[in-house]
Each structure stands twice: as C-alpha cells, then as structure tokens.
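Student: The listed protein sequences correspond, in order, to chains A and B.
Those letters in the first sequence? Residues 1 to 783, per my numbering, in order.
Those letters in the second sequence? Residues 1001 to 1145, per my numbering, in order.
It is worth saying that the hints were derived from the structure and are not from the lab.
Every residue gets a Cβ at the ideal spot worked out from N, C-alpha and C, and that includes glycine.
Among the hints, a few may not be true.
[Claimed, not checked] One-sided excerpt, in silico: chain A residues whose CB lies under 10 Å from chain B:
1) Thr651
2) Phe653
3) Ala654
4) Ile655
5) His727
6) Asn728
7) Asn731
8) Leu734
9) Met743
10) Tyr757
11) Leu759
12) Arg761
[Stated by the list, open to error] Chain A residues, not near chain B, derived (Cβ > 10 Å throughout):
13) Ala47
14) Val704
15) Arg710
[To be verified] Derived CB-CB ranges, DEER-like:
16) A:Gln560 x B:Gln1068: 20 to 28 Å
17) B:Val1065 x A:Leu660: 22 to 30 Å
18) B:Tyr1064 x A:Gln620: 41 to 49 Å
19) B:Phe1024 x A:Leu545: 52 to 60 Å
20) B:Arg1028 x A:Tyr546: 28 to 36 Å
21) B:Lys1090 x A:Leu6: 24 to 32 Å
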Amino acid sequence: MLFAVLGIFLGAALSPLVVRVSRQAAGWILGLLPLGVFVFFARQLPAIAHGETVRQSVPWLPSFNTPLSFYLDGLSLLFALLVTGIGTLIVVYAGGYLQHHEQLGRFYVQLLSFMGAMLGLVLADNIFVFFIFFELTSLTSYLLIGFYHSEEESRVAARKALVVTGGGGLALLGGLLLLGQVTGTLEFSQMLSMGATVQSHPYYLAIFILVCAGAFTKSAQFPFHFWLPAAMAGPTPVSAYLHSATMVKAGVFLLARLSPVLGGTAVWEGTLGIVGGFTMLMSAWLALRYTDLKQILAYTTVMVLGLLTMLLGVGGEEAITAMVTFTVVHALYKGGLFMMAGSVDHETGTRNVRELGGLREAMPWTMAGAVATGLSMAGIPPLFGFIGKEMTYEAALHAESFGMLLLGVSVLSNVALVGAGLVVGLKPFIGERKGAFTREPHEAPVSMWLGPLVLGVLGLAFGVYPALIDHSLLQAAQTGILQESHELHLALWHGFSPALMASLVTFALGFAVYAAWETIQESGGMAALGTAFGEVPGRVFERGLYGLARFSQGITTLFQNGRFRWYLFAIFTSLIVLVGGGLAFEAQLGWPTFEGEVAYYEAALAGLIVLSAIVAVRTQGRFIAILALSVGGYGVALIYLLFGAPDLAMTQFAIETLTLILLVIVIIHLPGIEGEDSLGVQVRDGAVALGCGALYTIIMSTIVDVPLDRRVSEYLAGNSYTEALGHNVVNVILVDFRGIDTMGEITVLTIAALGVYVLMRMPRRIAHEKEPEEEAEENETAD
Amino acid sequence: MIYSLILRVAVRLLVPLLLLFAMFMMLRGHNLPGGGFVGGLVAASAFVLYALAAGVTRAREVLYVDPQTLLGLGLACAYGAGLLALALGKPFLTGLWLHPHLPLIGDFHLGSALLFDLGVMLVVVGTVLLMVFSVEDRLPGLVEE
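The following block holds chain A by itself, in its conformation from the complex (with noise of 0.2 Å):
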C-alpha cells in the first residue's frame, strides 16, 4: 500500500518529463499508473471480502508515536477502488482535453499528486498520516481549481475552496486530538471497537463537532456547501474527478470511518439527518436553476454528499447498504457526466443546455456514454442508479424513527435529480439541431468519449447483474462501516414493495419535471431559491474575507503607521501594562538586601551611567545624545565584565561599537532635534521612560531576592566538557545544548536583514520614515 501511495506521487513528479516526450500518448502512458495500482487494489478484494483487513505499518516519526501506518478494509478498499479506477479514466481524458495546453505537464503533477493524496488518504490508518493527506488534498485541489489563473474567477473559486475546506481541516485536527486523547491510540483499526468509551466521555460532544466541522465543509454540507459549484471555474476534468468522484467524498468518507466511533448516538443521527437532509433537497432543486452543464452537475453532486450524509445519519443495515451503493452509483454516473459536459464543451463551444440539441450525429460515442449516465443518475431501470435510489427509499422505511419524513424528503430530491439527470444526460443529443455553436460540431478523441463509456457500461453492467459487485466489495464496505457482517444483496427486481411505489411516483414527477424544465426554470420560486442558497451564502463569504482584510488593514495603519516614536511608545506602553499588570497580581514583589560593601569604582561607575542617560535626554544634538547612550552601554558592559560575564561584556563592546558607527553613519542625515516638545508630549514620554525604568527595577530585585535555583547551571557546568567537550559554559550552551535556540536566532537574524535590505530599496519616502529601525532591530537582536 505504502508503494501504491508513493508511486503515484512518484509519477507526478516524472509527469513532466512523459508530457515532453509525447504529448499526445501522455495520457495513455500516465493512465497506466493509476490502472496499475487498481489492479493491485482489486487483487486485494478476494481476501477483504472474506472478512480479512490489511494493517501495514513503516516507521516514520517514532517521537511522535506516528508511524506511516495504512489500513485497508472493505470500506478503504472501495474508495481505493474508486480514486485509482476513475482517476485512470480521468487522466486518459484529461491528455485530450488538455492536450494543447502549454501547461499539460505542470497540470499532471497537480493532478497525480492529487490522486496520491486521496488515496493516502484513505487508507491511512494513522489520524496525523490521515490529517496529513487530507489537507494534501485541500492543496492540490486548490492548485487544481486554481489551474486557470489567469481568471480571476479561478482564482476566486479556488481560494474559496482552500479556506473553507482548510478552515474545516483545522477543526478536524482538534477533533482528531481529542479522539487520540480519550482513546488512548492513535490509529483508526484500534479505535473503532471503542465506541461506547468515546461516546460515553465527556468530550464526545467536542469531538463530534470538530470532526463535523471537517467532514461537512469538504463534503459541502448546508452552509458550507457554495464553494463546490463555484470550484468547477478548474479545468473540466478536475471537475469529474474532484468535485464528484472523490475529493469531496473525503469527508462523508470520514464520517464513515468514524462512525462506529461516534455514530449511533442521538446528537450524531439528528444532525447528520437534518443537515444531510435539507442539504439534499435544497441543492438537487438548485440543480434545476443553472442551464451550465457543468452548473447542474455540481448541485447534485451536492445533493448526493447530503444524501450519503443523511444515510450515514440514519445508519443501520439498511441505510449503510444504500450508502455504500449510492456511492459507487454516483461515482459512476457524475464521473462519466461531467467528462461528457467537457466533451461537449470542447467539441461544441458552449456547455448551456439550453443551446445544445441535436447532437447524436455529431457525437455518437459521446452520446453513448452520457445517456448511460444520465439515465443511471435519473435512477431508470435497468442501470446501477436504479437499484441505488431503491436502496435509499428502503433505507428511509426501515429508519427507526422520522421514516416517512425521511422518505419524503428523498422522493422530493430525486423528482429533481430525475429531471437534472435527463436534462444533462439526454436534452444535448436528442431533439432539433441547434445551430450558433462556436465551433462545428464533432465527435470528441477516444480518449475522451472512452471515459464516459466505460463508466456508462459498468453501469448498466452493475444494475443488470449487481452480483458482480454487491457481495463481495459493498459487503466489504458495508461491514468496514458497521463493524458486523450483513448480508448484502442487491437485486433490480424487489417485488411489489412500497419503496417501488415510491420510485413509480419519482419517475412519474421526474418526467414532468423534465418536461417543464425550462418554465420551472425561469420560475420566481427557483429565483428566490437560487438567491437564497445558491448565492447568498457564497457571497456571505466573500464579504467577510473583505471585511477581514479590512479588518487587519485598519489594525496595520493604526499601528504601524510608520513613524518611530509611536512604535516605541507602542512597544513600551504595553509593556508596562501587560508586565506590570501581571507583576502586581501574580508576583511575590521582593527587595534583596544588600551584603558588602560597594566598591569606589562600582559607584563611579553607575555614576557614569546615570549621568549619560541624563546627557542623553538633556541634550539638544542628536550626536551628543548618541556618544552619551554609548557611554551607557559601555558602563553596562564594565560591568558584566566587573561581575565576571567576560562572554557577555565582549559581546556587549561589539555591539555598543557597531551600533555607533552605524547610528553615526544614519545621523549626518538626519536633520537635528528642532525645537522642545510641547509640555504634554514631554510629559507622556517622561512618564513611559520613568514607567519602564521602575518596572525593570522591580523586575530585577523581584528576581535576585528569590534564592537562585542552580540545579540547571550546576548540570550545564559539570557537564559542559564531559557532553560538548568545550570548557566555556556559555559557549556550549549556544553552540550544543540550547543549539537550536541559536539556530532560530540567526534565521530571525538573516530575516531582519533581508527585511532592511528590501526596505531600503523601496522608494524613497516610505524607506526614509523607517530607518531608524534598523538599529532597534540591532540592538534587540544582539541581545
């Protein structure tokens, strides 16, 4: 498993290089990839549907009790199954949709790295290795969406996309934590028998949250569910494969693996349901809103993740039956859609609905495909999508509770998802020729009418025949769900059951939905629905991204407006208040009292500090007030050397040294101190200096009158040769013991550099306002 993972990413790094070689067979050769890995996958299923999981574990960070540990069980198996066999249709269709791009191989990194990523991160088994793949995911689909970025529409979608789906990756690591927290472990295969332990702690709530918060705003759920339509701004075959087939599948897969953790309690089944349910119904009603082709097909994808949501709500034997052929039902069908709307695009110029007809001539294998798929999401017997809107309506009659509500609001959804289905799947090919296409016409390349196809027959295949696929991996995805073994048994005719009536009332309302499609279109009630859901909330969002920036940007000018001595009024005032603050109600203040006598020459030295502070105030010319702060510093630094810190004084001369040639150099530029400040500013700026000066005294006899602690220095002493072989404590202190301290200061170090190195290079006016905080910078640095 490690290698299949490792050797997709592997291809997306040498995708480059194929492309270069052949442009045109790039998606062929790429699409071996994937299809190899599948192979791999679906030897794996004879064992996995006899009961067996796979556990495999490398070590990765041993110190952090992280090993790259994957976990395959029929419910990875299926989803493995799904990312490498679409993604292998996906990446021959994408070498013909993109084939004349310039940037075909940059896109094939993206898109193998995404591949990777997703199947990492299902079957990982480790909640950080999960953690890790998830928000890979969350990246890659952002560079994916993104890829046209020239657009600003792309760009907008795909920071859209990131932040709501990188937002909810956060709240999932807290939930993660957490659940590694009360379980004690930090691997899927050992948490799911401990179920009643996590549901019965009392963060399960937090838990559940967090993990909702992930699983929701990557699987779209109400309200997150506005940056999945406008993510299809990417290229059409990110399109297939993200926003349909697998990424946003990340977080209803989530609640899955998670749901003998945290499933089968109240809180879990009224909020996966409610939320599930309204978001089904509110998006597969949108869906009949958009005349894009593209449009449509991303509102029942949204539909779908609220109905596979709402499924895994319900739970049971029933509901996770449903969920597990819905799932690959969708796959099947969205996939090979949203490949036919890009061919359709491609071939013809345009993907509204309303001016495509008529295109079975033109575009036979591509119609093939689509009415496949279409019918199959329209859920018309005998396709697979059939069998899975049964499921559904007899999962909502053996719910235990809100049965008919449950099947109500599946019925209303699926009249939709029928007409939405033969709209997208039917309404191009069949009819009058409309004319006004940009371009003429014609059959799209193998490589992109293959995909729809292949997917449109599998089906059909599934739905004749689902025992190809109903024992054996939806068993085994069923059992990986609800820990137990069900018997799964998937048949097209069920008898004359009330989930039958149900489908013939669908099909009865889905055919009139069809046929008034354009006046329920244009309708005020969907106007009013489309306002409120589709572009409401989308907008919500983008509001309150402006308002931050706004937000942060007030905050910036008001306190970085440039000038210096606000900065240091700034710095200084919040330390006397927050330090201060903290002294007088935290603190034992203390006084120490003083043993011996004071040397003559301790006293004429501190007399000499004082007195150049004084100079340093008092004085009227800025070079005066300069040679007087140095006097200062270099008292300071006889005084380290008086008390025997040799280290400390040596660096303090350098400083004191460098900081004056460096100050002088500014100096002769600056004009001299004009004038006195007004009465009040003197005031203010006495009041801080003198606020700071007792804060650091009280601070200093705070910390000399409580006994020293020497444990540590008596460790670092006696050890300083014995461990680093260096005699000089203070050395070996920065060089070995705290050496990353150091490491981190030279970086901080070089990054103020670069950072006065570009400041000076900026223009003039704003350059010269910041000067003089090169030599703060100096100073705070060397301290």
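Following the hints, put chain B in place on chain A, whose structure we already have.
Tutor: The following block gives chain B in isolation, referenced to the frame of chain A:
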C-alpha cells in the same frame, strides 16, 4: 567616506588584525571567552571600518561576495552541522567529534560545534554588512562621496 589620513593608515593595520582577532575569538570560543557571535561582530566591525575609510564600493570588492551570500552560507553551515548528525542517524544537532592527531599541533578535538559556530559568525557578519551596505546604497554620500 571619511577623508582622514589617520583613519586610512590605521585601517590598513587594523583590518587584518581585527579579522585575525575575529577568527581567534571564534576558534577559541568553545573553551575560553569568545565564540561565533562576538567573532562575527568583530569581523563586521573590520569591514565597516574599512567602508568608512575607503568607501563602500571598495569594501564590497574586498569582501568579494555579497553579504546575502554570507547569510546563506552561514545558515547552510549551521543547519548543515545539525543535519550531519541526522544523516548519521543521531538526533538533529547532536555534537559530533573527531579526535585527530596532527604533527606540530598535537591532539585536538574537532567538532561539528565549530561548523555551527562558523555559521553563526557568517550570519552575523552578513547581517551587519547587509544592513550597513543597504543604508549606504540608499543614502549615498554618507560614507561614499
């Protein structure tokens, strides 16, 4: 540039001495007062002094590389000293020691800490000089005529 004959003559003598002194400080730092930080400051002072006496253009020539390069080189030394331990399967930044015996010098300890300290020194020199030289480029005429 400050036109001062005294400074010019003094600098000729001082700069080599200061640089030598800086190396001395850095090398002896492990056992006696000194170290990369002080050494770096002394070395930087030498170049700043030279820039005052002979101009920044000349100082840049004498330095031979850009200060930015020194920064990068210094960080590379310090991180390299840490990564070296990692490469040998020890925790990051573990001190590594060789105990070579050289004729005339005798036994001594050669450690990765020295490489680390060299890195600190280079970063300090680079930081100071980058700042001074940038200010100079910005406000020509301070030191340069």
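Student: Would the hint on isoleucine 655 of chain A stand, with a C-beta cut-off of 10 Å toward chain B?
Tutor: Constraint on isoleucine 655 of chain A satisfied, holds at 6 Å.
Student: Is it the case that alanine 47 of chain A keeps its Cβ farther than 10 Å from each residue Cβ in chain B?
Tutor: 37 Å, holds
Student: Could you check if tyrosine 757 of chain A really has its C-beta closer than 10 Å to a C-beta on chain B?
Tutor: 5 Å, holds
Student: Hint methionine 743 of chain A vs chain B: min CB-CB distance below 10 Å?
Tutor: 6 Å, holds
Student: I want to verify a distance hint. Is the separation of the beta carbons of arginine 1028 of chain B and tyrosine 546 of chain A within 28 to 36 Å?
Tutor: Once the Cβ atoms are compared, 59 Å apart, the range 28 to 36 Å for tyrosine 546 of chain A and arginine 1028 of chain B is violated.
Student: Taking the minimum C-beta separation from arginine 710 of chain A to chain B, is that value above 10 Å?
Tutor: 21 Å, holds
Student: Would you say the C-beta atoms of glutamine 560 of chain A and glutamine 1068 of chain B sit inside 20 to 28 Å of each other?
Tutor: This hint holds: roughly 25 Å between Cβ atoms.
Student: Quick check on the hint: threonine 651 of chain A CB to chain B CB, less than 10 Å?
Tutor: 5 Å, holds
Student: Regarding phenylalanine 1024 of chain B and leucine 545 of chain A, is the given constraint of 52 to 60 Å on their beta-carbon distance met?
Tutor: 57 Å, holds
Student: Would you settle whether the hint for leucine 734 of chain A is holds or violated, based on the nearest Cβ-Cβ distance to chain B being less than 10 Å?
Tutor: Constraint on leucine 734 of chain A satisfied, holds at 6 Å.
Student: Is the interface hint satisfied for asparagine 728 of chain A? The criterion is a beta-carbon contact with chain B at less than 10 Å.
Tutor: 5 Å, holds
Student: With a cut-off of 10 Å, does the beta carbon of histidine 727 of chain A approach a beta carbon of chain B closely enough for the hint to hold?
Tutor: With a closest approach of 4 Å, the histidine 727 of chain A hint holds.
This entry does not satisfy hint 20, going by the numbered hints stated previously; all others are met.
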